[in-house]
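So the protein sequences, as listed, match chains A and B.
Under my numbering, the first residue of the first sequence is numbered 938, with each subsequent residue one higher.
Under my numbering, the first residue of the second sequence is numbered 3, with each subsequent residue one higher.
Careful: at least some of the hints might be erroneous.
Claimed, not checked - Across the chosen pairs, the derived CB separations fall in these ranges: (1) B/Ile85 to A/Asn984: 27 to 33 Å; (2) B/Ser77 to A/Pro947: 22 to 28 Å; (3) B/Glu86 to A/Gln953: 16 to 22 Å; (4) B/Ser120 to A/Ile964: 16 to 22 Å; (5) A/Thr987 to B/Arg48: 18 to 24 Å; (6) A/Ser974 to B/Val55: 42 to 48 Å; (7) A/Leu985 to B/Arg48: 36 to 42 Å; (8) B/Glu86 to A/Asn984: 29 to 35 Å.
Hints in this document: simulated from the structure, not taken from any laboratory.
From a predicted model like this one, the values you see are computed outputs, not experimental measurements.
Built from N, CA and C at the ideal position, the CB exists for glycine as well.
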Amino acid sequence: MARTLVNVPPKAKRGQVIEIKTLISHIMETGYRRNESGAPIPRDIINLFTCTYNGTEIFRADLHQAIAANPFISFHTVATESGTLQFQWTDDNGQIETASAKITVE
Amino acid sequence: MTGETESYTRRVVLAGVAGATALATVPLLVRRAEATPETMKAAIHRVIGESPVRKGKVTLDIPPLVENGNTIAMSVSVDSPMIENDYVKAIHIFNEKNPQPDIISVHLGPRAGKAAFSTRIRLADSQNVVAIAELSDGSLWSDTAEVIVTIAACLEYN
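Turn these sequences into a full structure, and let the hints guide you.
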C-alpha cells in the first residue's frame, strides 16, 4: 500500500522518555475533491494508527480528513524493556500497512 | 438633462445585473459543505458528552499565520505527571470551518511518559482550532488557537 518511515532511538536507558516519529506515504483523499470530468473522487484516508510495545498498545490515533497527506505523527513513550515496537496504519479500504522497530533498553 | 437621465437608467440596469449575479452566486455558497462553530460544538459534544471543559493545562501550538492550508505543523502538549493514577487519557482536536469538524483524536496512557504529540493538519480557512484533553480523573481541559490561512486546503479541483 504505502511506504513507511519510523524513527525510534535504537538504545535508551530504562525509564527514559523517548520520542517516536512516524511517517507514511498516503494521499489522504478527503472525498470533497472532483476530477476533470466533475465526478467526486471517493474518500480514501488512513483512519486509524496504532503503536504497540512488546504487544501492549501504547498509542492510538483516530485520523480524519483534516490530517494532511502523508500523515506524520510523533509521540512519546517510556523505555521499559528491550523489544519491538509495532506500528500499524489502517485505511478506508481496510488495507493495513505495518512497520516495526527494535529498541535496546539498558 | 437627457444625458443624466440616460446615465441614471444605465446605473439602474447595471445595479440590476449586479443583483442578479449576486443572487445567482448565493445558492453556490450555500451548497458548499462547511463545518461551523455550531457543528464543532456538536462534534465536541458527541465525543466528550455534557461534562464541563475548563481552560488550561493544554498547550496547542500552531503557527498563527500559515501560507499553505494543506499542511500545517501542529503540536499539543498537556501538563500532566503521566503516572498510574494521574494521566491524560485522550486528546481531541477540532476545527470550525473545514467540511468536517474533527481533526484527530489520540489515546494515551501512563506509559506515554509525556502527554504530547505532533502531526500535520489541513485547514480550509482562517479559523479557530480547539484541543481538548481528557484526564484519567474525568476532568476536561482545553486550549484554542486562532490560525490565519492565506492559501486554503480543500479548494483545489483537479
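Hint-by-hint comparison with the structure:
| no. | hint | result |
| --- | --- | --- |
| 1 | B/Ile85 to A/Asn984: 27 to 33 Å | 31 Å, holds |
| 2 | B/Ser77 to A/Pro947: 22 to 28 Å | 24 Å, holds |
| 3 | B/Glu86 to A/Gln953: 16 to 22 Å | 18 Å, holds |
| 4 | B/Ser120 to A/Ile964: 16 to 22 Å | 21 Å, holds |
| 5 | A/Thr987 to B/Arg48: 18 to 24 Å | 22 Å, holds |
| 6 | A/Ser974 to B/Val55: 42 to 48 Å | 45 Å, holds |
| 7 | A/Leu985 to B/Arg48: 36 to 42 Å | 18 Å, violated |
| 8 | B/Glu86 to A/Asn984: 29 to 35 Å | 30 Å, holds |
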